[in-house]
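*Asks:* Residues per chain are reported as follows:
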Amino acid sequence: MEVELKKVDTTHLESAPARAWLMGLAGWLVPGLGHLLQGKWGRALLLGGAVWVCFISGFMMGGHLFRFDASEQGISSLLQIPPMVGDLGSGLLYIVCWVKGVGFSHGPQQAALPTFEYGWTFLLVAGLLNYLSMLDAFDIAAGRKS
Amino acid sequence: MRHFLVVTAFAALAAVVFGTVTRDSNRDRFIYGLKVFAEFMLIGLVLAWVLYFIPF
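These protein sequences, in sequence, are chains Y and V. First residue of the first sequence? That's 1 in the working numbering, and the numbers climb one at a time after it. First residue of the second sequence? That's 1 in the working numbering, and the numbers climb one at a time after it.
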């Protein structure tokens, strides 16, 4: 039996420079900052602006953030993890809310809002969009994108 | 009307990010962004009508 061995292109497997990790981290912490530090003003405005608008709109619609709460019974607490990971994408916005204890609970009045479900969806999507923005900032700093 | 505005805002924000992070030229980015926006709107409207006829 013959096995054909092909040479693997290792150009993309090389380790990224520390600067790229730093830009990725900055982009995650403050939406748009990763691009701003690299002088990509247009992208910073578009990507950062979209994430900020999405996050603020989510709160204005009455949404709430998710966090892991071990006090929940059984598998209910584990179900909080995926949306928490999504929300965590907002970086400092999420961390500040977590430290201040703002936006994690909702009363019956808030839950009765017609936009309540949209609200937490917007907050979740803001985090997910920021993950994309963060990866873009990383790729630019690593020289994989212009 | 409120729901339609929210879906429009959602589609616009997602389209801006999806369009911006693609690799191509500015023109391609713009066209891709418009395409993503149209797809989100279309899928949202189709789903809304499908769910409207489901009684549970």
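Treat each hint with caution, since some may be false.
[To be verified] Only pairs whose alpha carbons sit at most 20 Å apart, straight line, appear in this in silico DMTMM-like list of lysine to aspartate or glutamate:
#, chain 1, residue 1, chain 2, residue 2
1, Y, Lys-145, V, Asp-28
2, Y, Lys-40, V, Asp-24
3, Y, Lys-40, Y, Asp-139
4, Y, Lys-145, V, Glu-39
5, V, Lys-35, V, Asp-24
6, Y, Lys-40, V, Asp-28
[Unchecked claim] If you only want the chain Y side, here are some residues facing chain V, beta carbon under 7 Å, derived:
#, residue
7, Trp-41
8, Leu-45
9, Leu-47
10, Ala-50
11, Glu-72
12, Phe-116
13, Leu-128
14, Leu-132
15, Arg-144
No lab work stands behind these hints: they were computed from the structure. The beta carbon of each residue, even a glycine, is placed where N, CA and C say it ideally should be.
*Asks:* If a hint holds in the structure, say so; if it doesn't, say that too.
*Replies:* Hints, verified against the model:
no. : hint                 : verdict
1   : Y:Lys-145 / V:Asp-28 : holds, 15 Å
2   : Y:Lys-40 / V:Asp-24  : holds, 16 Å
3   : Y:Lys-40 / Y:Asp-139 : holds, 13 Å
4   : Y:Lys-145 / V:Glu-39 : violated, 26 Å
5   : V:Lys-35 / V:Asp-24  : holds, 14 Å
6   : Y:Lys-40 / V:Asp-28  : holds, 18 Å
7   : Trp-41               : violated, 12 Å
8   : Leu-45               : violated, 10 Å
9   : Leu-47               : holds, 6 Å
10  : Ala-50               : holds, 5 Å
11  : Glu-72               : violated, 27 Å
12  : Phe-116              : violated, 11 Å
13  : Leu-128              : violated, 9 Å
14  : Leu-132              : holds, 5 Å
15  : Arg-144              : violated, 9 Å
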